[in-house]
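*Asks:* Produce the complete structure using the sequences and hints provided.
2 protein chains.
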Amino acid sequence: MRRHSRHREELAPRAEQKQQTRQALLDAALRLVADNSFDGLSLREVTREVGIVPTAFYRHFQSMEELGLVLVDESFRTLRRMMRAAREGALPHEQLVKRSVETFVGYVQAHRPYFQFLMRERFGGVASIRSQIRSEIRLFVSELATDFARFPGADGWSNEDLQMLSGLIVGAMISATEQVLELPPRADADDVIRIAEKQLRLIILATPHWKSQPSRPQAEDAS
Amino acid sequence: MRRHSRHREELAPRAEQKQQTRQALLDAALRLVADNSFDGLSLREVTREVGIVPTAFYRHFQSMEELGLVLVDESFRTLRRMMRAAREGALPHEQLVKRSVETFVGYVQAHRPYFQFLMRERFGGVASIRSQIRSEIRLFVSELATDFARFPGADGWSNEDLQMLSGLIVGAMISATEQVLELPPRADADDVIRIAEKQLRLIILATPHWKSQPSRPQAEDAS
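Top to bottom, those sequences are chains A and B.
Residue numbers for the first sequence follow my numbering, so the first one is 7 and each next one is one higher.
Residue numbers for the second sequence follow my numbering, so the first one is 7 and each next one is one higher.
FYI, nobody ran anything at the bench for these hints, they're computed from the structure.
Hints should not be assumed to be uniformly reliable.
Here are the simulated SDA-like cross-link-like pairs (lysine to any residue), alpha carbons at most 20 Å apart as the crow flies [stated by the list, open to error]: (1) K24/A <-> E72/A; (2) K217/B <-> I199/A; (3) K104/B <-> A212/A; (4) K217/A <-> L211/B; (5) K104/B <-> M88/B.
Listed next, the stretches of chain A that the computed footprint assigns to chain B, with coverage defined by at least 3 CB atoms under 8 Å from CB atoms of chain B [unchecked claim]: (6) 24 to 31; (7) 71 to 84; (8) 105 to 114; (9) 124 to 131; (10) 143 to 149.
Partial pick of chain B residues on the chain A-facing surface, computed with a CB cut under 10 Å [unchecked claim]: (11) L32; (12) L102; (13) M125; (14) R128; (15) F129; (16) A155; (17) Q169; (18) A178; (19) R200; (20) Q205; (21) R207; (22) L211.
These figures come from a predicted structure and were not determined experimentally.
Glycine included, each C-beta is placed from N, C-alpha and C at the ideal position.
*Replies:* Now the structure itself:
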């Protein structure tokens, strides 16, 4: 999966090796934070794990913080790719929910260290990483709201309400992610999948009955 | 709020002072983890903050881990007290949702350091604290499911579905908590309250349309 794409073959071996070391540093950091917080991880530990001298780190990243931000970026890039693929497949409505939840949970299980990193560092000690993860999640919620806006029944929905709906769904998927990560690595996640699927179906059941009002009804606040 | 109850007055001054130092250690730890993870916090820092020698720590707690577990316990005890009070007040249905969300968000704002600690340490580096927080949340979900079981429309609902419903609601409240904690300390949380209220109302809208089936329909898995 981490092979370089074809146009990279013309690169000099040195550049190629540099790219490999960079990836090795990212992988090592991800391995090392499996059970510890990122701000507790030292540059020295990461370079030792890869087998290079500490100063060589700076040929690849300006700081541990930069490395962390690249990890956030990597995590969301692959997640977005998966979601795009899911969006393109057309399935009957009922099956769509079940299949989406299964695909997502399978994806979390296959990329466990990335999700462990994201879930934890969302509340971690490095402010820039924390806010990067949060803004990626917000972006995710917005993209999903845009998807919903195209659904047949959505014409009467305000933007705020579409965001509210997708926020609720993303929240349920984040809960499911947390539960999957609590399970041992190769454990059966059927219970988590079944509950998350029911939660999404329950939310979907409500949508035809929702009366969306213009965004931000400030007047209501006063009462 | 932290005064001793009346029956404590007979305590000798020394015991009283011990209790005060213990509380000072808890408060100091909570202050110090506002921006850092608990496993990065040293016993030495906490005792320095309180102004006692490091070895004196052990008169109050066996370890930093024990102190952390007491913080988890304190956080959930007050939260449970608030929920019990909310349960006893009887309000019309529509108002109930709004009022509950407002009360909860106000509570989070008033006890910010506790919630910051809980949200972060749920994924933190100390396994016992992590699992204690998670089991308290699970307990919370179960208690809420028991409340729902008493509602008029709930007779046809399986236990699993009641848990699924309360899990969804607790998840939405956890998301709201995260958003409140992202705001500056005394910022207006009206947007968070309005969205969370809508999410709860949307969920409630679905409940009359849900067809609950017997728990764990294993046969469905095979398809």
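*Asks:* Against this structure, judge whether each hint is valid.
*Replies:* Okay, the hints, checked on the actual structure:
1. A C-alpha spacing of about 17 Å is found between K24/A and E72/A, which places the hinted pair at or below 20 Å, so the restraint holds.
2. The hinted pair formed by K217/B and I199/A meets the criterion: a straight-line CA distance of about 18 Å does not exceed 20 Å.
3. At most 20 Å may separate the alpha-carbon atoms for a hinted pair to count; K104/B and A212/A meet this at roughly 18 Å.
4. Restraint check for K217/A and L211/B: the C-alpha separation of about 10 Å stays at or below 20 Å, so the hint holds.
5. Taking the CA atoms of K104/B and M88/B, the gap is about 16 Å. The hint holds against a cut of 20 Å.
6. With a cut-off of 8 Å between beta carbons, the stretch 24 to 31 of chain A has 0 residues touching chain B; three or more are needed, and the interface restraint is violated.
7. A count of 0 residues in the stretch 71 to 84 of chain A with a Cβ less than 8 Å from any Cβ of chain B is obtained; the coverage claim is therefore unmet, three being the minimum.
8. For the stretch 105 to 114 of chain A, the stated coverage by chain B is not satisfied: 0 residues place a CB nearer than 8 Å to a CB of that chain, which falls below the threshold of 3.
9. Proximity of the stretch 124 to 131 of chain A to chain B, defined as three or more residues with a beta carbon under 8 Å from a beta carbon of that chain, is established by the 6 residues found.
10. Residues of the stretch 143 to 149 of chain A with a Cβ under 8 Å from some Cβ of chain B number 0, which does not satisfy the need for three, so the listed coverage is violated.
11. Interface hint at L32/B: violated, since its Cβ lies 20 Å from the closest Cβ of chain A, which is beyond the 10 Å cut-off.
12. Restraint check, L102/B versus chain A: the minimum CB separation of about 15 Å is more than 10 Å; hint violated.
13. The closest approach between the C-beta of M125/B and any C-beta of chain A is roughly 5 Å, which is under the 10 Å cut-off, so the hint is satisfied.
14. The beta carbon of R128/B is positioned within 10 Å of a beta carbon in chain A (closest approach about 8 Å), and the interface hint is therefore held.
15. The beta carbon of F129/B is positioned within 10 Å of a beta carbon in chain A (closest approach about 4 Å), and the interface hint is therefore held.
16. Because the smallest distance between the Cβ of A155/B and any Cβ of chain A comes to about 16 Å, over 10 Å, the interface hint for this residue is violated.
17. At its closest, the beta carbon of Q169/B sits 8 Å from a beta carbon of chain A; the interface hint therefore holds under the 10 Å criterion.
18. Because the smallest distance between the Cβ of A178/B and any Cβ of chain A comes to about 6 Å, under 10 Å, the interface hint for this residue holds.
19. This hint holds: R200/B has a C-beta 8 Å from the nearest C-beta of chain A, less than the 10 Å allowed.
20. For Q205/B, the suggested interface contact is upheld, since its CB lies about 5 Å from the closest CB of chain A, less than 10 Å.
21. Of the supplied interface hints, the one on R207/B holds, with its beta-carbon coming within about 8 Å of a beta-carbon of chain A, less than 10 Å.
22. Interface restraint check for L211/B: the shortest CB-CB distance to chain A comes to about 4 Å, inside 10 Å, so the restraint holds.
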